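A.B. asks: Spelled out, the chains give:
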Amino acid sequence: MADQFSEKNPAARGALFLWDLLVSPTAFVFISIAWCLDLGLGSLRAFKADPQFWMKMDSVPFSQWLRESAPQLWPGSLWVYILAGLTWLMVLSLLLCTANWFFRRRKRYRGMGEVLVHLGFLLVFAGYVLGSGWGTRVQNISLGEGMETEIAALGLRLKVNDISVTRDQRGNDLDTASALTLMDANGAVLKEGTARLNHPLINGSTVVYPNGNSTGARVKVSVEGGGQLELGQGMKAKIRDGLYLSIRGFLQEGGRWGKWVGPGVFLTLSGEGDKSFMTGYLGLAPSLRTAKFGDDNLTLEGISETEEAVFSVHRDPGIQLVLLGALILTLGTFWALYGYLARTGPND
Amino acid sequence: MDNFTLLTHYAAMALYTAAFTFALVNLRVKVKIIDRLATGAALAGLFAQVLLLAVRWFVAGFLPVTGLFSTLHFLSIFVMGITVYFLFRYGGKPLLPASALLALIALWKGGAGQMALAPLTPALDTPLFFLHVATSFAAYGLFGVAAIVSVYRIASLSASEHGMERRMLDECLYLGYILFSWCMIAGSLWAYLAWGSYFTWRLKGLWSTILWFYYSGVLHVRNKPGWQGRPLDLLAIAGFALTLFTFLGLSLIFDEASHPLK
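If you read the protein sequences in the order shown, they are chains E and S.
Numbering (my numbering) for the first sequence: 1 to 348.
Numbering (my numbering) for the second sequence: 349 to 610.
No lab work stands behind these hints: they were computed from the structure.
The structure displayed is predicted, hence computed values, not measured ones.
Note that the Cβ used here is the ideal one computed from N, Cα and C, for glycine as well.
Watch out, some of these pointers could steer you wrong.
[To be verified] FRET-style restraints, in silico, Cβ to Cβ: (1) E:Leu174 x S:Ile601: 26 to 36 Å; (2) S:Ala586 x E:Arg248: 52 to 62 Å; (3) S:Phe436 x E:Asn100: 36 to 46 Å; (4) S:Gly459 x E:Ile82: 39 to 49 Å; (5) E:Thr194 x S:Gly511: 31 to 41 Å; (6) S:Gly511 x E:Gly339: 20 to 30 Å; (7) E:Glu68 x S:Leu354: 27 to 37 Å.
[What the hints assert, rightly or not] Within a straight-line C-alpha distance of at most 20 Å, the following computed DMTMM-like cross-link-like pairs (lysine to aspartate or glutamate) qualify: (8) E:Lys236 x E:Glu150; (9) S:Lys552 x E:Asp50; (10) E:Lys159 x E:Glu307; (11) S:Lys572 x E:Asp184; (12) E:Lys292 x E:Glu307; (13) E:Lys191 x E:Asp162; (14) E:Lys238 x E:Glu307; (15) S:Lys572 x E:Glu114; (16) E:Lys220 x E:Glu114.
With the hints as extra help, turn the sequences into a complete structure.
C.D. replies: Next comes the structure, spelled out in structure tokens:
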């Protein structure tokens with residue numbers, strides 16, 4: 001009936017022609033050839049221009065990179081825009097091809113494996129779009145044992161309870177296992193566990209994974225009439241409501257910076273929202289030990305070297321879709337393999 | 349262990365050299381004893397390689413597919429394994445000289461790598477790594493044999509005594525693609541657990557994706573009338589060239605940052 005209708009109706013015939021063109025494997029092949037050429041040549045060119053290009057791209061979700069970094073690299077980033085366009089075209093072709101199979105070509109389960117592969121890929125792509133559009137990546141958070149930090153971009157807090165470094169016979173670091181507590185911004189525990197290589201701490205769409213270890217320093221400061229504070233690099237310690245102290249930098253023993261002599265530490269006093277009020281210096285030399293920071297008298301009690309674990313925290317809201325897509329894709333390949341072996345059995 | 353590795357490695361190379369020579373002579377003179385010697389040498393070479401893999405696996409406690417030596421051994425096992433399978437299933441004896449030569453080149457190149465078994469670093473200590481590497485090299489082996497079959501077809505040489513060249517090509521492409529899909533999935537899962545992201549913009553990963561999409565395209569057209577014959581053969585040969593570039597070329601030209609592990 002539909003075919004009879006389309007034979008008589010030029011518009012329907014045209015639509016059918018367009019549909020057949022879009023769902024044809026040949027169209028997919030031409031798009032994928034263009035995609036491969038663009039990515040292949042573009043990636044080599046980008047790598048030659050800047051070997052750190054990939055590190056920068058991997059450090060933020062793709063959409064953020066496209067929005068913030070790609071315009072600065074123009075026209076060197078043209079290939080990425082073309083790649084994004086071709087990927088959407090390829091996905092459209094796959095989507096229509098899959099729909100075409102369901103509505104027009106389906107004969108029981110024949111070809112189901114291939115369709116599952118298509119569906120799996122489409123889900124992976126949908127997950128990637130979600131992750132690149134609404135994901136967040138915070139990298140290189142360095143924390144020592146007992147330290148806790150706020151990850152403002154994700155509304156989380158991360159605490160390191162214990163660090164254990166595995167080394168080879170020559171003393172090279174092989175792995176750093178850290179017992180972690182992941183909390184929400186109010187301090188409620190979301191997940192506790194150990195993160196080490198290939199075994200990150202996963203909480204839903206958030207993954208905390210180790211990035212090696214580093215040597216850091218820890219500073220003890222007493223506030224006159226207010227107790228003692230312990231500070232590590234990248235940490236903020238609260239002096240009182242609305243006032244925070246953080247480490248700006250260190251002076252090693254024997255080091256000088258203007259009138260300051262090491263060992264000592266530059267501390268920044270800030271308010272809410274990282275509004276900085278002042279930076280001052282506290283040294284271990286008796287004359288530099290105490291200084292006024294705003295209204296408070298601070299005294300340096302000690303500086304100690306600490307072993308710190310480095311982490312990256314990624315939130316990818318599309319990861320569940322990606323995992324489901326990967327599962328369906330794998331099932332599809334098994335189904336396709338079974339179908340192929342059944343069709344080409346020993347008696348065939 | 350090192351002596352055993354060296355001995356078995358060179359034994360496999362010697363046996364594949366013999367298989368190559370006998371199979372080449374047999375293509376010309378067709379003498380039964382030479383034919384049997386070629387097949388026997390190929391089987392013995394494959395046995396030596398499988399034995400080496402099994403012993404190293406047992407000694408190391410993990411599937412040894414780290415480093416150039418081990419991976420190229422793995423590749424040649426699959427090249428010869430699929431050739432031996434074709435030999436018995438489709439009468440693929442004419443394939444033997446080319447496959448033995450490819451396996452030989454892989455072993456010769458692999459000999460330049462570190463033969464000693466290194467302890468497994470924690471970064472590689474995951475079943476996903478072994479699945480990722482094993483399936484990728486199995487796929488590379490199948491893509492390699494697909495290219496050999498295509499070269500035969502283009503040169504109008506018979507690759508099968510029963511005229512099953514097309515079937516052999518199809519099998520290599522189809523099974524190779526499925527294995528490579530598993531490699532991509534295992535690699536992505538591993539990357540997610542190790543680096544918090546299943547897709548990284550590193551050269552090796554990008555070119556592996558290109559390879560995957562390339563063979564996706566080949567599979568889409570392999571049964572289309574317009575792509576039969578020479579176009580399909582050229583696609584299979586270009587595919588293997590792309591495979592070699594992705595596996596070896598990138599590492600040689602752009603050593604730094606080509607893979608997330610570096």
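A.B. asks: Tell me, in ascending order, the numbers of any earlier hints that this structure violates.
C.D. replies: Violated hints: 5, 7, 11, 12, 14, 16; rest satisfied.
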